[in-house]
Amino acid sequence: MKYINFKNYNGICWWSGNIADSREHKYKKSDFIRHFGTPPYGSISDPALVKDGKTKAVNGPKADILKFKKNINAKYNNEISQPFDFAYSKFIEYFEENQKTILRNQRIDFSTIFENPLADKLNLIRYIVKHIGCRLSDNNIEVDRSLIDFLNGKDTLDHLCITFHISLDRHVFLKEAESPYLGLSPLDMIVNENDNSLIHHVYGNFSLGILDFFYIYSKNINNSEYPGLHNYFKYPWIVLTPIYINQKTLSSLEPELKDIKKAEFDKDNYLSFFFNSKNYFSWYDSH
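First residue of the sequence shown? That's 1 in full-length UniProt numbering, and the numbers climb one at a time after it.
The set of hints was computed from the structure by calculation and includes no laboratory data.
Everything numeric in this text was worked out from a predicted model, so none of it was measured.
Label-pair ranges, simulated between beta-carbon atoms:
{"hint": "1", "residue 1": "50", "residue 2": "223", "range": "32 to 42 angstroms"}
{"hint": "2", "residue 1": "185", "residue 2": "83", "range": "20 to 30 angstroms"}
{"hint": "3", "residue 1": "152", "residue 2": "237", "range": "21 to 31 angstroms"}
Below, computed lysine to aspartate or glutamate pairings styled on DMTMM-like, alpha-carbon distance capped at 20 angstroms:
{"hint": "4", "residue 1": "28", "residue 2": "138"}
{"hint": "5", "residue 1": "29", "residue 2": "79"}
{"hint": "6", "residue 1": "28", "residue 2": "79"}
{"hint": "7", "residue 1": "2", "residue 2": "188"}
{"hint": "8", "residue 1": "69", "residue 2": "21"}
{"hint": "9", "residue 1": "67", "residue 2": "21"}
{"hint": "10", "residue 1": "26", "residue 2": "138"}
{"hint": "11", "residue 1": "67", "residue 2": "46"}
{"hint": "12", "residue 1": "28", "residue 2": "46"}
{"hint": "13", "residue 1": "28", "residue 2": "97"}
{"hint": "14", "residue 1": "2", "residue 2": "225"}
{"hint": "15", "residue 1": "2", "residue 2": "142"}
{"hint": "16", "residue 1": "219", "residue 2": "149"}
{"hint": "17", "residue 1": "70", "residue 2": "138"}
{"hint": "18", "residue 1": "62", "residue 2": "85"}
{"hint": "19", "residue 1": "28", "residue 2": "96"}
{"hint": "20", "residue 1": "62", "residue 2": "46"}
{"hint": "21", "residue 1": "248", "residue 2": "264"}
{"hint": "22", "residue 1": "26", "residue 2": "188"}
{"hint": "23", "residue 1": "70", "residue 2": "85"}
{"hint": "24", "residue 1": "248", "residue 2": "176"}
Idealized CB from N, CA, C, for every residue including glycine.
With these hints in hand, go ahead and build the complete structure from the sequences.
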């Protein structure tokens, strides 16, 4: 059994080892502006952050509350990771323009988005890994070397499992509310029962509208434990599984979506959902 350690980076960039003089946005700035606009806002339409049942107004895309602490080097955040930002933005643009088709097909072929589909699939995942790295550092959790090697160009990734899902509950709610949504789950972890300084795994997700990016981080995740994990990086497309919590959601779906394949998400058994991610990669193991 291998464990993750707590680590305070003390002003050093978790990625480069240089000075940490930049703050990564928790939500991409362009996503925030596209959905909420820029200030001044009307009093009714003010963006707000809801956390632990409390609501706090957000005064614009540059608000401190929307950023991690200074934990990444500016050159790495703004220059070296620029291809990751580009791939993410193109992916999100395509997703938002083709949501119903994607809901029916439950997969995205990157050749319909990019000239270099496999390279940009990897860059999209690198954008997500950079977000996760900043969040881990923000919470004084070490970022494993395997994540850094992937950001630096390695084409497979161990110790981190990322899956893509579509929230049917949010699909119904946002259509009725006519309201934008950006979400960031709590960062949860399971520690050794005899030594709480040793972390077995960390898990969480972030969301844009109906799209969810789930992740679980553990030094025990590898291609042997998650067969197909390495093959996943060799295909220029991804699977997106529609999930739901509320049974009432199913009756509120549009007729053309009622018969799509979907999975019930047990909010009271949240962690098992992440370990079932093994099934997410199993197709890649057989091809």
